[in-house]
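Chain by chain, the residues run as shown.
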Amino acid sequence: MNQAPNRSSVSLRGVEIAYGPVRVLDRLDLEVAQSEFLVLLGPSGCGKSTLLNAIAGLTEVDSGEIWIGGRNVTWEEPKDRGIAMVFQSYALYPRMSVRKNMSFGLEVSGMKRPDVQRRVTEAAAILQITELLDRKPSELSGGQRQRVAIGRALVRDAGVFLFDEPLSNLDAQLRAELRTEIKRLHARLGATMIFVTHDQIEALTLADRIAVMRDRRIQQLGTPHDVYMRPANKFVATFVGSPAMSFLSGHITEGRVFETSTLRLDLSGYAFTAPPSVGMPVDLGIRPEHVVLAPGEAAAIPARVELVEPMGSDLLAWTRIGEAALTVRLSAETPVAPGDILPLMFSTRRLNLFDAQGERL
Amino acid sequence: MSTPRASRHPSGRRPKRLSPSRVGLYAFLLITALFFLTPLYVMLVTSLKPMAEIRLGNIMSLPAAPTLDAWTTAWSRACTGLSCNGISAGFWNSIRILVPSVIVSIMVGATTGYAMSFWRPRGAKLLFAALMVVAFIPYQVFIYPLVRIFSQVGIANSLAGIVLVHTVFGLPTMTLLFRNHFASLPLELFKAARVDGAGFWRIFLQIMMPMAVPIAVVAVILQVTGIWNDFILGLVFAGRDNLPMTVQLNNVVNTTQGERTYNVDMAATLLTALVPLCVYFVSGRWFVRGIAAGAVKG
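For the protein sequence lines, the chains are A and B, in the order given.
Reminder that position 164 of the first sequence reads as 177 in this note's numbering, one-by-one numbering, no gaps.
Reminder that position 213 of the second sequence reads as 215 in this note's numbering, one-by-one numbering, no gaps.
Just chain B, with the same shape it has in the complex (with noise of 0.2 Å):
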């Protein structure tokens, strides 16, 4: 008498791999991507072609002759208006607004956030309620009223009113993001540094920020390419001395003396293009999760 025990391999038909259902979503996938790389690809050639090519209207061909003049001219001397410097000008500027509105919107946020989660002071709720009422409010509505209020105050047309401004309307978003994270962690780690005697600042950086790292490269990528794209809250705020790169583009591609250098303005679209590029190619995983964390900047 034999004995029975379980099989050595598995029985029955191997699963299939390719389904009809599969290949429809392989082929649906295929034809977005074709969609959106379409124009990058047709960019990218222009802007490589001398604008002789560019006149024979063949706008699929491959560069006969690749060259990088384009992105030369594009990065020092295009004209935007009067003075013929190129955007290389703007891409410093939006270095110079973006750092300190990155930096300080995610500390604000993530101070506010903690505070909220943790201290629960009298009012939070209403206050949180406010906040995410406001943030659903096109911005907008705030902008003439913001304009007056700055040129009273006078940091009209300033770095500092533009960070300003980049920080209060960062605020919901870094809020909600800070406190959700902070209130998925158990509260008896905030008792036990208490009874610890850590204090507000001392929890919020010893203990809780050392936590928050994955949700502060969250924050970072979302305000990153959030203030980089931004055109309008740049335009009115940051004064002519500081506009950013998107408004310099604007300004090259618009500024034209003849026939349209369509090479150049390709060239420098991309170089604009360039930042939330590579934020996006870097950070991919972590661009999802913090779409997932439900921040969708408005």
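Chain A on its own, in the form it takes in the complex (with noise of 0.2 Å):
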């Protein structure tokens, strides 16, 4: 759009949600900056499209307060809040053209006839749906009609953009197609955006911050590299991922050394965030491309291979030590088959050990 951008950052301050007896979120904090690109990760019955939907004023909060760009718009209706949606099943106007349905909302809004068009001619062609203005959304391919659904809340103007799922109903190729039309709208308008899904590797791709959500809370928040490399626990560890992180159960031993009944691993080069008790009994997760071939070394961990899945661009060896499973992403050279004994190094600083109740040690 030819106007400066406009951008808000949202604030979110103990915020609570309950439908009847059932708490669908408890006093939450967020803030999401200007401009950031904000990713709401968890599994289905978390309670982030809930927090989605209080964020555009669609659904009331009991108690807590919703400020945007500055504002406090906890008790505004959505469309005084600045705010564009986009939603998983589009949510087109089915008897309404496709300009019909990008111009409905400023029309409502009062905005003239000819700016209207402006806009809408502006959208369409951002987004490549010129050609499709004088259609019916029922005559649109699933991926045209996410794409006009962006449209509509593209026209608005907003400071803020929210995603309720919107690719879940995709395709894997056009899912992968709009995920990255979505980060170049990003980088573009430099609006916020604040976009809900249940799949890592889209949270992953497109977000400056994930928020890692689980009942009815925030897990962890932080940037995807965080979140991949350090997560806080052992829910973000197995939730972001694929294949997931594999555990490993022992304990801490004199001089930091993990130990279980197979194996023993010194733990000098892992940053503890408190100093551990010996004897204390923990969970070490290692991702399967943080495992490396280690041949002739004396130290090496043996591990007996199960299955071999090629992946095209590497392999995933679904090893066991002793009872133990490990999932190894090797080279897609490597001459590995079930039965053999691969010997094993781990990388001690990428390592994650988490306490008996899952947290981060």
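Just so you know, the hints here were simulated from the structure itself, not pulled from any lab data.
From a predicted model like this one, the values you see are computed outputs, not experimental measurements.
We put the CB at the ideal spot given by N, CA and C, even for glycine.
Be aware that one or more of the hints could be misleading.
[Claimed, not checked] Short derived list, chain A residues pointing at chain B, Cβ under 8 Å:
#	residue
1	Pro91
2	Ala104
3	Tyr106
4	Phe359
Please assemble the complex out of the two chains, which come individually in their own frames, going by the hints.
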């Protein structure tokens, strides 16, 4: 758009929501900076969509405040909050043409016709849907529909864009295509975007920061790198990353050594958040790509290969160390077959230790 | 060595077209059709006969000299009580009752159904439950209290009174019909419209009602047939000057001076039945859909 971009910060202060006796959000605080791309990531039922609806003004909060662009909008109507929203089911008005779908909100706000037309034309050009403007939503494919829905949000020239799982109804290829499109749009507009998804790939690829949610609470708020490399607890560690992180159960012995019935591992290079006590039970989390093959190394840990999955660019070996399962990502050329014994080493700096409650050590 | 391939033609015995159960089904349909069509046939031929031919007592025979005299008499000269202007007055009364009643009851029902499914005001569920319970109470129970209330308010025996009665009695069905339809639409559509800044009425009129055209057609069919066929409400609430066609028909048939003019009675009955009959014929498919939507008018 031509005019100076409209960017707003979003601030949630102690927001609580309950449907009758069912609590959906517990005293939640969240600060989203201007122009930030924040992803709310979590399994279904964790409260992430409710949170987004609360920001949009479509769900009333029971207590707490919502501020957008420095204004307390807790009790304002959705249209007065300076937001635009894109939905999972596209939510296009079926009886209206694409053009009318995009201009509806502007006409409701009383904007003059030439201005409406100019904005619709501009947004359509950005999203490459100009030739679809006179069609009905029923004549469009899923990807085209979601483009139109994004266009409808775009014309509003809002300070905050809210996306409620916008890619979930699309097939894999279109999903990747629209994902990059949304990222490009964010770079171009510089608008604040809040994006809800249960897909960790979308979260990792799009976000400036990710808020991982479970059970009505934010479990971790950090950059994709932080969330991936230093998960705050076992839930985050398992939910983010594919294939999932493997865990070995053991305990800490004298001299910061991790010990199980089958292996001993020196943890002197690990950045403990608090000094561990001797004898405490811990879970050791290892990402598949943080395991290296170390043939001829005396300290290497032997792992028996159960299954090999070629992934094209690389391959996954599903192995066992004693009884514990460990997934290993190897280069595609590695000669490996079920039954082989692989000599493995872990990079201590990249390990993740969790205490018995699942919190990061 | 030949490669196996799918056969080009279906093999095996061709399925039978006419099984015994089919024959039984057709026989049943045929007998049912005859059962309902025979009275209609008798009425039609009788209405086309002069009295002299009717007196012979051969009700199944075709008219020897078909004449529309009975139809014109029924329309414009038959006596209802003291006046002898036919049932045309009743026809126009029924139209005057029908049109506003259908429009108002559907508009009110659509609005309440929309409000209940999207805006969910406090107590909406309770209100809806109450509406459904009341719908099952025989409406004869309400007649006397309503007559008292209407005469207090001053709309007894008036067009406004009968339109109000039809609107109120149609409300449960209409609300249920529209509520179920709107409940089947994605809630995100409503949310999108709210983000776009549309209010209660704009969302209703510009977004939701254009999507409710099929259900509105069903509503029109249900209300037109229901209100046209009403007898007791029209008799009680419409007043002497607005008696609907059904009441006039009853008066024509029961006003006897000497010989019973069967041909005129039959013609008057057919004239009265014409409107719902047309609705059924024109809209059969829609009507079935209306019944399937769980809205059977009691």
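Results for each hint:
1. Pro91: 5 Å, holds
2. Ala104: Holds, because the Cβ-Cβ distance from Ala104 of chain A to chain B comes to roughly 4 Å (cut-off 8 Å).
3. Tyr106: Status holds, d = 6 Å.
4. Phe359: Because about 46 Å separates Phe359 of chain A from the closest Cβ in chain B, which is outside the 8 Å limit, the hint is violated.
Comparing the model with each numbered hint stated earlier shows that hint 4 is the single one that does not hold.
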